[in-house]
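**Student:** One letter stands for each residue in the lines below.
Protein chains: 2
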Amino acid sequence: MLHAVPLFMDIHRRVEGLTAEAVSAAHQQDLSIQARYGVRFIRYWYDEKTGKVFCLSEAPSPDAVAAVHRDGHGLLADEVIEVAEGAEPV
Amino acid sequence: MLHAVPLFMDIHRRVEGLTAEAVSAAHQQDLSIQARYGVRFIRYWYDEKTGKVFCLSEAPSPDAVAAVHRDGHGLLADEVIEVAEGAEPV
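Same order as they appear, the protein sequences are chains A and B.
Quick note on this note's numbering: the first sequence kicks off at 1 and runs consecutively.
Quick note on this note's numbering: the second sequence kicks off at 1 and runs consecutively.
Take these hints with a grain of salt, some might be off.
[Claimed, not checked] Taking lysine to aspartate or glutamate pairs in the DMTMM-like style, the calculated list, with each CA pair at most 25 Å apart, reads: (1) A:K49 / B:E58; (2) B:K49 / A:E21; (3) A:K49 / B:E85; (4) A:K49 / B:E16; (5) B:K49 / B:E16; (6) A:K49 / B:E82; (7) A:K49 / A:E21; (8) B:K49 / A:E79; (9) A:K49 / A:D78; (10) B:K49 / A:E16; (11) B:K49 / A:E58; (12) A:K49 / B:E21; (13) B:K49 / B:E79; (14) A:K49 / B:D63; (15) B:K49 / A:E82; (16) B:K49 / B:E21; (17) B:K49 / B:D78; (18) A:K49 / A:E79; (19) B:K49 / A:D63; (20) A:K49 / A:E16.
Hints are computed from structural coordinates only; laboratory data are not their basis.
Treat the numbers as computed from the prediction; the structure is a model and nothing was measured.
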């Protein structure tokens, strides 16, 4: 599937004390400032037990994704990877 | 967001020689046998440059996810993590 805007998966390997409420609040902060960097956070997945978070976004660059996290809440991802998306056939 | 069926993100950190065609073919093999283990692969993301693949699935257990990959094409994920999903507000 081709995206006109690059797609990124960013990975936080271990956020200490992660809770559903905390990750939701951090995500809201990302959403509130993402337009500043031309980023759109689409969806995220997290695991309270291991503190892992995966965020899927459209952005002009990995630096733009990192900038939103930095300015939004300061929790920088360990990796920001440009990805292509595949889905199950419909 | 609550899922009646557990949701998993599995991560292949580095698949050697990864191409869009190869990952699509492997995914098709997963789809063709997933019902045997009660798994539904929903979507995946990959990066040809680093060989990383992320697969999102619904499954009864992490072992079931691993079993589909093992029987489908033999490329086991490095991690299979139960996750909760969050999305942008609509």
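**Student:** Please verify whether K49 of chain A and E16 of chain A have alpha carbons no more than 25 Å apart.
**Tutor:** Judged against 25 Å, a Cα distance of about 10 Å means the pair holds.
**Student:** Does the alpha-carbon distance linking K49 of chain B and E79 of chain A stay inside the 25 Å limit?
**Tutor:** holds (14 Å)
**Student:** Regarding the pair K49 of chain B and E16 of chain A, is the alpha-carbon distance no greater than 25 Å?
**Tutor:** violated (30 Å)
**Student:** Checking one constraint from the list: CA of K49 of chain A to CA of D78 of chain A, max 25 Å. Satisfied?
**Tutor:** holds (18 Å)
**Student:** Taken at face value, is the distance from the CA of D63 of chain A to the CA of K49 of chain B at most 25 Å?
**Tutor:** holds (18 Å)
**Student:** Check whether the Cα positions of K49 of chain B and E16 of chain B lie no farther apart than 25 Å.
**Tutor:** holds (10 Å)
**Student:** Would you mind confirming whether the straight-line C-alpha gap from K49 of chain A to E21 of chain B stays at or under 25 Å?
**Tutor:** Given pair K49 of chain A, E21 of chain B is violated - Cα atoms ~35 Å apart, limit 25 Å.
**Student:** Taking only the CA atoms, is the gap from K49 of chain A to E79 of chain A under or equal to 25 Å?
**Tutor:** holds (20 Å)
**Student:** Against the 25 Å threshold, does the CA-CA distance of K49 of chain B and D78 of chain B hold or violate the hint?
**Tutor:** holds (18 Å)
**Student:** Would you check the hint for K49 of chain A and E85 of chain B, treating anything up to 25 Å between C-alpha atoms as holding?
**Tutor:** holds (14 Å)
**Student:** Taken at face value, is the distance from the CA of E79 of chain B to the CA of K49 of chain B at most 25 Å?
**Tutor:** holds (20 Å)
**Student:** For the pair we were handed, K49 of chain B and E58 of chain A, check the Cα-Cα distance against 25 Å.
**Tutor:** Distance of about 18 Å is within 25 Å: holds.
Comparing the model with each numbered hint stated earlier shows that hints 2, 4, 10, 12 do not hold.
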